[in-house]
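Student: So in this note's numbering, spot 100 of the sequence shown is number 100, and the numbers just go up one at a time.
The set of hints was computed from the structure by calculation and includes no laboratory data.
A couple of the hints might just be wrong.
As the list claims (entries may be wrong) - With a cut-off of at most 30 Å between alpha-carbon atoms, the simulated DSSO-like pairs for lysine-lysine come out as follows: (1) Lys97 with Lys184; (2) Lys195 with Lys23; (3) Lys133 with Lys6; (4) Lys23 with Lys133.
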Amino acid sequence: LTATGKGTCVGRVFDGMQVRIIKTSFEVLAEIDDTTGLAAGQIGEIIVSGPVATREYFRRPDATAMAKIRDGNTFWHRMGDVGYFDEMGRLWFCGRKAHIVWSAAGPMYSVCCESIFNNHPAIFRCALVGIGKHGNQTPVIVAEPESGKFPASARDQQELTDELLHLAAGSPLTRDIRRIVFHKDLPVDTRHNVKINRELLAEWAARL
1 LTATGKGTCV GRVFDGMQVR IIKTSFEVLA EIDDTTGLAA GQIGEIIVSG
51 PVATREYFRR PDATAMAKIR DGNTFWHRMG DVGYFDEMGR LWFCGRKAHI
101 VWSAAGPMYS VCCESIFNNH PAIFRCALVG IGKHGNQTPV IVAEPESGKF
151 PASARDQQEL TDELLHLAAG SPLTRDIRRI VFHKDLPVDT RHNVKINREL
201 LAEWAARL
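I would like the entire structure built from these sequences, with the hints used as guidance.
Tutor: Given below as structure tokens:
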């Protein structure tokens, strides 16, 4: 299912924790009544409540206001992730909220879209980025080919682009993607060496 764009299944919620999916928002949500809960299958913002969730950020009131939602005597923490529950109660991860591409056709989620292109045998990994203003962004896939498979010529690049666009056309999640660019080594964080710097890639792709 992950390969078809369903996201990454992270399993069921364990005892002592609560998880909800709410309508994605970039505003402060002070109270739980300020949120809109979503049904199974609907992608939204993941919030959690339980003993392992911190109540506040130390001496960071603005960050605390953005990340915490009061609920009576307790609170919910906004993970900064988006996902959904399936009909069996399993939680699926669809990417970071900050990495959503807000195209004219609607929101596009990084993990869901990228998995379609990662099915190609020549692609090691890729990143979905958006160019332009919120609500009318152009979705772009920045693809890193497998070692030794970077297209050397313009003809090779076009052939691989056509193959990737064919994959994109086969899914309603990616059929609006029209632009593919290739990068030899996607920038990642130095600590984990896995978190792709999509913000930097968006700036790079916009200059091409």
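Student: Does each hint fit the structure? Answer for all of them.
Tutor: Hints and how they fare:
1. Lys97 with Lys184: 26 Å, holds
2. Lys195 with Lys23: The hint holds at about 25 Å.
3. Lys133 with Lys6: 26 Å, holds
4. Lys23 with Lys133: 21 Å, holds
Figure legend: structure checked against the earlier numbered hints; every hint is met.
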